[in-house]
Structure formats: structure tokens, C-alpha cells
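Q: Spelled out, the chains give:
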Amino acid sequence: MSNIWIICRKELKSYFSSPIAYGLMAFFALISGYFFYMATAIFVTRGLESQMMGRGMPMDVNEWVIRPVLMNVSVIGLFMIPMITMRLFAEEKRSGTIELLVTSPVRDIEIILGKWLAALMMYGCILLTSMVNLGLLFAYGKPDWKPMLVAYLGLLLQGGCLLAIGTFLSTTTKNQIVAGVGTFAICLLLWVLDWVSAFETSATSKVISYMSVVTHFEPFSKGVLDSKDVIFYVSVIFLGLFLTARSMESLRWRS
Amino acid sequence: MIKVEGLTKRYARTVAVDNVSFEVAKGQIVGFLGPNGAGKTTTMRVLTCFLPPSAGQAEVAGFNVTADPMEVKKRIGYLPEVPPLYPEMEVLEYLTFVGRLKGIPKADLPARVKSVSERCNIADVGAKLIAKLSKGYRQRVGLAQAIIHNPEVLILDEPTAGLDPKQIIETRELIKSLAGDHTIILSTHILPEVEQTCEKVIIINKGKVVAIDTVNNLTSRLRGSEAVAVEVSAKNGELGAAQVQQRLEQVPGVSRVVTRSGKEGHLRFEVESLQGHHIRPEIARGVVDSGWNLHELHAVAFSLEEVFLELTSTETVAQTKGAAQ
Ligand SMILES: Nc1ncnc2c1ncn2[C@@H]1O[C@H](COP(=O)(O)OP(=O)(O)OP(=O)(O)O)[C@@H](O)[C@H]1O
Ligand SMILES: [Mg+2]
Chain E
11 MSNIWIICRK
21 ELKSYFSSPI
31 AYGLMAFFAL
41 ISGYFFYMAT
51 AIFVTRGLES
61 QMMGRGMPMD
71 VNEWVIRPVL
81 MNVSVIGLFM
91 IPMITMRLFA
101 EEKRSGTIEL
111 LVTSPVRDIE
121 IILGKWLAAL
131 MMYGCILLTS
141 MVNLGLLFAY
151 GKPDWKPMLV
161 AYLGLLLQGG
171 CLLAIGTFLS
181 TTTKNQIVAG
191 VGTFAICLLL
201 WVLDWVSAFE
211 TSATSKVISY
221 MSVVTHFEPF
231 SKGVLDSKDV
241 IFYVSVIFLG
251 LFLTARSMES
261 LRWRS
Chain F
118 MIKVEGLTKR
128 YARTVAVDNV
138 SFEVAKGQIV
148 GFLGPNGAGK
158 TTTMRVLTCF
168 LPPSAGQAEV
178 AGFNVTADPM
188 EVKKRIGYLP
198 EVPPLYPEME
208 VLEYLTFVGR
218 LKGIPKADLP
228 ARVKSVSERC
238 NIADVGAKLI
248 AKLSKGYRQR
258 VGLAQAIIHN
268 PEVLILDEPT
278 AGLDPKQIIE
288 TRELIKSLAG
298 DHTIILSTHI
308 LPEVEQTCEK
318 VIIINKGKVV
328 AIDTVNNLTS
338 RLRGSEAVAV
348 EVSAKNGELG
358 AAQVQQRLEQ
368 VPGVSRVVTR
378 SGKEGHLRFE
388 VESLQGHHIR
398 PEIARGVVDS
408 GWNLHELHAV
418 AFSLEEVFLE
428 LTSTETVAQT
438 KGAAQ
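First to last, the protein sequences are chains E and F. Letter by letter, the first sequence follows residues 11 to 265 of the numbering used here. Letter by letter, the second sequence follows residues 118 to 442 of the numbering used here.
Because the hints were derived from the structure by calculation, they are not lab data. Predicted model, so just to flag it, every value in this text is computed and none were measured. Don't take every hint at face value.
Quick list of in silico lysine to aspartate or glutamate cross-link-like pairs, DMTMM-like style, CA-CA up to 20 angstroms [unchecked claim]:
| # | chain 1 | residue 1 | chain 2 | residue 2 |
| --- | --- | --- | --- | --- |
| 1 | E | 23 | F | 198 |
| 2 | E | 184 | F | 205 |
| 3 | F | 143 | F | 188 |
| 4 | F | 191 | E | 118 |
| 5 | E | 103 | E | 120 |
| 6 | E | 103 | F | 205 |
| 7 | F | 249 | E | 101 |
| 8 | E | 216 | E | 204 |
| 9 | F | 191 | E | 120 |
| 10 | E | 23 | F | 210 |
| 11 | F | 245 | F | 188 |
| 12 | E | 184 | E | 21 |
| 13 | E | 23 | E | 154 |
| 14 | F | 352 | F | 413 |
| 15 | F | 252 | F | 188 |
| 16 | F | 293 | F | 235 |
| 17 | E | 184 | E | 236 |
| 18 | E | 103 | F | 198 |
| 19 | E | 216 | E | 236 |
| 20 | E | 184 | F | 413 |
| 21 | E | 103 | E | 204 |
| 22 | E | 23 | F | 235 |
Quick list of the computed label-pair ranges, beta carbon to beta carbon [claimed, not checked]:
| # | chain 1 | residue 1 | chain 2 | residue 2 | range |
| --- | --- | --- | --- | --- | --- |
| 23 | F | 169 | E | 195 | 29 to 39 angstroms |
| 24 | F | 293 | E | 199 | 20 to 30 angstroms |
| 25 | E | 249 | F | 125 | 27 to 37 angstroms |
| 26 | F | 123 | E | 260 | 44 to 54 angstroms |
| 27 | E | 195 | F | 187 | 35 to 45 angstroms |
| 28 | F | 309 | E | 248 | 48 to 58 angstroms |
Just so it is clear, CB atoms sit at the ideal spot from N, CA and C, and this is done for glycine as well.
Just need the whole structure built from these sequences, with the hints factored in.
A: Encoded structure:
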């Protein structure tokens with residue numbers, strides 16, 4: 011346990027000693043802020059419209075602002091993942107520091123978990139920047155905070171499983187860029203899989219859409235905590251980390 | 118302390134280490150000497166559990182590297198060929214990180230970091246970023262990293278590579294001062310380095326062990342001596358190899374005789390001379406006087422000599438380069 015924390019701390023330090031971390035956070039804050047602005051603007055116009063028509067229907071902030079913003083945030087998150095994971099192992103292999111880690115009295119799985127946790131925390135920090143906007147809603151209105159919490163849990167779980175896949179790809183090469191591009195391709199694919207179900211309703215399309223990480227995020231964004239989605243995410247995380255462990259082992263056999 | 122038996126390591130196409138066996142006793146400093154591509158780094162990687170062997174056994178500090186890697190890792194300090202440094206860390210921060218990784222108790226850590234940075238002469242760059250260090254300083258930080266947890270066994274891959282002459286001397290002194298408590302195996306392709314620091318030398322070439330001996334024995338065996346191949350047979354009746362070997366050993370100037378396999382009832386030997394002796398006429402006389410047939414008598418190259426030539430010539434190049442700077 012303490013070994014995991016040693017590795018995790020070192021990775022976090024290294025994220026925050028490079029400008030990329032701050033760049034990603036700033037970029038994300040900007041984009042999510044833009045989405046937030048758009049969603050609020052729509053919300054306000056709709057609200058005025060319905061008042062003018064005299065219906066005076068009560069509109070839900072959670073439904074109209076928070077949910078669309080978080081859906082978008084989940085998609086932008088996909089594109090941040092490769093930047094976070096690409097260096098994890100590729101850089102250590104290139105510079106030879108992997109020899110230090112592997113010949114120290116730490117288990118492979120501790121190295122992997124430490125690195126993955128650090129990546130997850132980094133991702134969490136990026137997500138935090140989007141919370142600033144939502145904080146504004148609390149200042150001026152009374153949104154329900156429970157579904158928001160569920161949605162952020164969903165974002166973290168979704169991130170965790172893509173980060174695990176990214177971590178795996180980073181062990182397969184010495185080249186960060188290759189690892190990054192590979193991870194990006196997979197993230198994109200997992201996102202696009204969701205579209206298949208929009209055109210078709212056959213059994214295969216259901217299976218394919220089941221594989222999509224975005225499909226499983228929908229319920230979270232509505233504030234619904236469904237065990238089947240949690241199980242999906244957790245098992246993908248396990249699969250990703252398991253593959254990472256196998257890859258680390260086989261790398262040693264080969265090189 | 119270190120025991121290697123029949124170690125073989127194959128890569129996809131090359132056999133990097135081929136059936137290597139040796140032992141290192143506790144407290145000894147052993148030099149691992151060989152030209153480029155000899156398999157030094159590969160052997161060390163197996164000893165440090167970084168690579169698994171393809172065949173054979175390796176034992177470090179009483180534990181097998183394949184069966185008990187965790188126990189081995191607790192007891193070794195390793196300086197890889199390229200020092201494993203994180204450029205974005207400061208020197209003290211890096212040493213603290215390695216100390217934690219090696220399981221040094223929290224209370225002892227600051228003292229260990231301090232003493233090791235003094236020992237390796239890096240105390241003055243403690244707050245510097247590793248990215249900004251010169252090559253020599255990086256090498257020293259690498260060495261500090263290897264000894265920070267006071268390991269029983271030290272495995273150093275070319276510890277003096279990239280240092281200036283003054284630093285080389287300091288590093289050698291440091292390594293020598295570590296012997297006794299630590300068992301050390303260091304690799305190099307510089308002959309004088311072994312002469313100055315090591316008690317024993319293992320010479321390896323193209324993945325095979327060529328010689329294991331003390332440095333003095335090896336040099337005296339080589340400087341100005343020659344190796345001769347002799348083939349004899351009996352004129353009539355049987356002739357024992359032991360008998361011929363005994364006779365050859367009596368020839369003045371002969372240092373050792375090795376039996377080789379001969380063909381068609383011929384007996385074949387390789388005879389090495391002492392320094393400055395020309396033994397071929399004496400051998401011819403000895404064989405003929407004993408009433409045996411002499412089929413062949415010619416000088417051969419030592420397998421060891423070839424390696425030595427290569428090693429000594431690279432050293433001369435290195436020295437001239439050093440002098441030019
Ligand atoms: N990862 C690898 N994949 C394939 N072959 C390799 C690998 N590493 C080393 N080799 C080969 O194994 C052989 C031994 O290499 P090794 O690095 O052990 O030599 P060395 O004695 O350390 O040489 P040097 O003095 O140059 O450091 C070489 O022929 C090398 O090409
Ligand atoms: Mg080498």
C-alpha cells in the first residue's frame with residue numbers, strides 16, 4: 011500500500027512540474043465554461059418564453075443545465091485521457107528509469123496501481139475546474155446536489171476505465187506519441203460505438219452499444235446510480251490494469 | 118554471495134549470454150571485463166531480476182533470481198548503464214524517492230540521504246534539478262542511488278563511464294572503500310580499471326566466459342608469453358595423454374599444458390609458456406627424445422589474448438583521447 015502511494019506521489023509531482031497539467035486544466039475550464047454558458051443561456055431564454063406564454067412551468071436546473079454540461083464534459087474528457095496516460099510507462103522505458111522501478115523491492119502491480127491512481131487524480135483535478143461553473147448555480151439557485159455528485163462519480167469511473175486502457179497502451183512502446191495516438195484512437199472508437207445504436211436496433215448493435223463507455227455514462231448524468239453501469243466500468247478498469255500487468259511481464263521476457 | 122550456473126540469455130536472434138558460470142565470494146570486488154556487446158549488461162540485468170534467464174540458474178545473496186526475486190531485490194543496489202534519473206526532480210528529492218522505494222524507514226531517510234550525498238560528492242548540488250546536472254554528476258547521483266540503502270550486493274554497470282580522470286580516481290576509491298561490507302560486481306571494458314579496483318576478474322567475450330582469475334595471474338600469463346599447439350603419437354603401442362603431459366610440463370619455460378582432443382590416435386595439447394621463453398625447440402627435442410612422433414608444432418593465439426588485445430587497444434585510444442582533451 012505504501013509503495014503504491016510512493017509511486018503515485020512521484021507521478022503527481024511529475025504531472026504538476028510540467029506545463030501540460032496546467033494547460034489541460036486551463037483548456038478544460040475554458041471549454042466546460044463555454045458549454046455552461048450556452049446551456050444557461052438556453053435555459054434562461056426557454057424560461058422567459060414559457061413565462062410569456064403564460065404557462066409558468068417550473069423548469070429544472072438539473073435537467074436543463076447540469077445534465078447537458080456534464081454530458082459534454084464527459085466527451086471532452088475522452089480527449090484528455092491520452093495526454094494524461096501516454097507518458098506513464100513509455101517515458102520510463104525510453105529514459106531507462108524503468109530499470110530502477112523494476113529492480114526495487116516493489117511489485118509490478120504496485121507500480122501499475124500507483125501510476126493509474128496518479129492519472130486518476132490528475133483527471134480529477136481537471137474535472138474540478140468544471141465544478142467552478144456549477145458552483146455559480148448554487149450561488150444563484152437551488153439545484154439538487156445529489157444527482158450532480160452521482161454524475162461526477164460517473165465521470166471519474168468513465169475516466170478511470172479509459173485511463174486504465176491508456177496505461178496499458180503506454181507499456182507497449184517507448185514512444186509517448188505512439189502511446190498517445192493509440193489511446194486516442196481507442197477512446198474515439200469507444201465513443202463512436204454509441205452512435206451505432208442510433209441507426210440500428212438489432213441485437214449486435216445492442217452489444218456494440220453496450221461496449222461504449224458513453225452509453226454507460228447516460229444514467230449517471232441523470233443522477234441515476236445503476237449497479238450494472240458501475241459493474242461495467244469497474245470491470246473495464248480491472249481488464250485494463252490486468253493487461254498492463256501482463257504487458258509489463260512480457261516486456262521483460264522480450265527485451 | 119553471487120552464484121551463476123550455466124546462465125544463458127537469448128534474445129530474438131542473438132544469444133547474448135551463453136552458458137556462463139561464476140561465483141563471487143562475500144566482500145569481494147569482481148570486475149566483469151569484456152568488449153562491446155560481450156553480454157555484460159545482459160548478465161547484470163539477469164542478476165538484478167530485470168530480465169529472466171533463458172536457461173541456467175543465478176543466485177544472489179542466497180536467493181534465486183527466478184524463484185525469489187523480491188528477496189533478491191531487497192538486497193541489491195544497481196547502477197544501470199544509463200543512470201536511471203528523473204530530470205524533473207531535484208537531487209535530494211530523487212534520493213529521497215529512491216530511499217522510500219527501497220524501503221528505508223522514514224526516520225532514517227534524511228540521515229541516509231545526507232550521508233550518501235556526502236559520500237558521492239553531490240551534497241553541493243542537492244537542490245539542483247537533475248536535468249541541469251553534467252554527465253559526471255549524473256553518474257554520481259546514479260551511484261548514490263545504488264548505495265543509499267546499504268545493500269549487501271552492489272551491481273555497477275560501467276560506473277566510471279563519462280567521468281573525467283579526477284572523478285574516475287575518486288569513484289574507484291569510493292568503490293574500493295565499499296568493499297568488505299558489500300559484495301561488488303562491476304563491469305567495464307577498461308583493463309587498468311580492473312587492475313586498480315578489482316581482486317578478481319571475469320573476462321567475457323561474445324557471451325562466453327574466457328577466463329576467471331586474479332588480475333596479476335592473468336597479466337603475467339599473457340605478457341610476452343606464447344601458446345603452442347603440439348600433436349604427437351606413439352611410434353608403436355599405446356601412449357597415455359597423462360604421460361605426455363607430464364613430459365611437456367618438464368620442458369623449461371612451460372607454464373601450463375592443456376589437453377585437447379586429437380584425431381586418429383594423435384594426442385593434442387596446448388602449451389603456454391612463461392614470459393620471455395621460446396619453448397618450441399625444447400618441446401620438439403623433448404618429444405623426439407622420448408621416442409614419440411611429432412606431427413604438429415605451431416604457435417596459436419590465446420582466445421584470451423584476442424580479447425585482451427581488443428581491451429588494451431581500446432584503452433590506448435581512450436587514453437590518447439583523454440590526453441588530447
Ligand atoms: N534488448 C535487446 N534485444 C536484442 N538484442 C539485445 C538486446 N540487448 C542486448 N542485445 C544483444 O545482446 C548482446 C550483448 O549485449 P550487452 O548489452 O549485454 O553487451 P555489453 O557487454 O553490455 O556491451 P557494452 O560494453 O557495449 O555495454 C549484443 O549482441 C546485443 O546486440
Ligand atoms: Mg553494457
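Q: Next, verify each hint and record whether it holds.
A: Taking the hints in turn, this is what the structure says about them:
Taking the CA atoms of residue 23 (chain E) and residue 198 (chain F), the gap is near 26 angstroms; set against the 20 angstroms cutoff, the hint is violated. For the proposed pair residue 184 (chain E) and residue 205 (chain F), the alpha carbon gap of about 18 angstroms is at most 20 angstroms, so the pair holds. In summary, the hint linking residue 143 (chain F) to residue 188 (chain F) is supported, as the alpha carbons are separated by about 17 angstroms, within the 20 angstroms threshold. As the CA atoms of residue 191 (chain F) and residue 118 (chain E) are separated by approximately 15 angstroms, the hinted pair is consistent with the 20 angstroms bound.
With a C-alpha separation of about 17 angstroms, the suggested pairing of residue 103 (chain E) with residue 120 (chain E) holds against the 20 angstroms cut-off. Restraint check: the Cα-Cα separation between residue 103 (chain E) and residue 205 (chain F) comes to about 16 angstroms, which is no more than 20 angstroms; the hinted pair holds. For the hint linking residue 249 (chain F) to residue 101 (chain E), the alpha-carbon distance of about 18 angstroms falls within 20 angstroms, and the restraint holds. Distance check on the hinted pair: residue 216 (chain E) and residue 204 (chain E) sit about 9 angstroms apart at the alpha-carbon level, within 20 angstroms; holds.
As the CA atoms of residue 191 (chain F) and residue 120 (chain E) are separated by approximately 16 angstroms, the hinted pair is consistent with the 20 angstroms bound. In summary, the hint linking residue 23 (chain E) to residue 210 (chain F) is supported, as the alpha carbons are separated by about 11 angstroms, within the 20 angstroms threshold. Under the criterion of a C-alpha separation no larger than 20 angstroms, the hint pairing residue 245 (chain F) with residue 188 (chain F) is inconsistent with the structure, at around 34 angstroms. Between residue 184 (chain E) and residue 21 (chain E) the CA atoms are separated by roughly 17 angstroms; this keeps the pair inside 20 angstroms, and the hint holds.
With a CA separation close to 35 angstroms, the supplied pair residue 23 (chain E) and residue 154 (chain E) exceeds the 20 angstroms bound. Proximity of residue 352 (chain F) to residue 413 (chain F) is assessed by CA-CA distance (about 15 angstroms); at most 20 angstroms being required, the pair is judged to hold. A threshold of 20 angstroms between alpha carbons decides the hint, and for residue 252 (chain F) with residue 188 (chain F) the separation of about 32 angstroms lies outside it, so the pair is violated. A C-alpha spacing of about 16 angstroms is found between residue 293 (chain F) and residue 235 (chain F), which places the hinted pair at or below 20 angstroms, so the restraint holds.
For the hint pairing residue 184 (chain E) with residue 236 (chain E), the CA-to-CA distance comes to about 39 angstroms; that exceeds 20 angstroms, so the pair is violated. Using a Cα cut-off of 20 angstroms, the hinted pair residue 103 (chain E) and residue 198 (chain F) holds, with the two alpha carbons roughly 14 angstroms apart. For the suggested pair residue 216 (chain E) and residue 236 (chain E), the alpha carbons sit about 18 angstroms apart, so the restraint of at most 20 angstroms is met. At roughly 56 angstroms between alpha-carbon atoms, residue 184 (chain E) and residue 413 (chain F) are farther apart than 20 angstroms, so this suggested pair is violated.
Pair hint residue 103 (chain E) plus residue 204 (chain E) does not hold up; C-alpha atoms about 35 angstroms apart against a cutoff of 20 angstroms. For the suggested pair residue 23 (chain E) and residue 235 (chain F), the alpha carbons sit about 26 angstroms apart, so the restraint of at most 20 angstroms is broken. Restraint check, residue 169 (chain F) to residue 195 (chain E): a C-beta distance of roughly 32 angstroms satisfies the suggested window 29 to 39 angstroms. Distance hint check: the CB atoms of residue 293 (chain F) and residue 199 (chain E) are about 59 angstroms apart, inconsistent with the given range 20 to 30 angstroms.
Distance hint check for residue 249 (chain E) and residue 125 (chain F): the Cβ-Cβ separation is about 35 angstroms, which falls inside the suggested range of 27 to 37 angstroms. One distance hint, 44 to 54 angstroms for the beta-carbon pair residue 123 (chain F) and residue 260 (chain E), is violated here, with the actual separation near 24 angstroms. Our hint of 35 to 45 angstroms for residue 195 (chain E) and residue 187 (chain F) holds, since their Cβ atoms are close to 37 angstroms apart. Taking 48 to 58 angstroms as the suggested C-beta distance range, the pair residue 309 (chain F) and residue 248 (chain E) conforms, at roughly 55 angstroms.
Taken one by one, the earlier hints fail for this structure at numbers 1, 11, 13, 15, 17, 20, 21, 22, 24 and 26, listed in ascending order.
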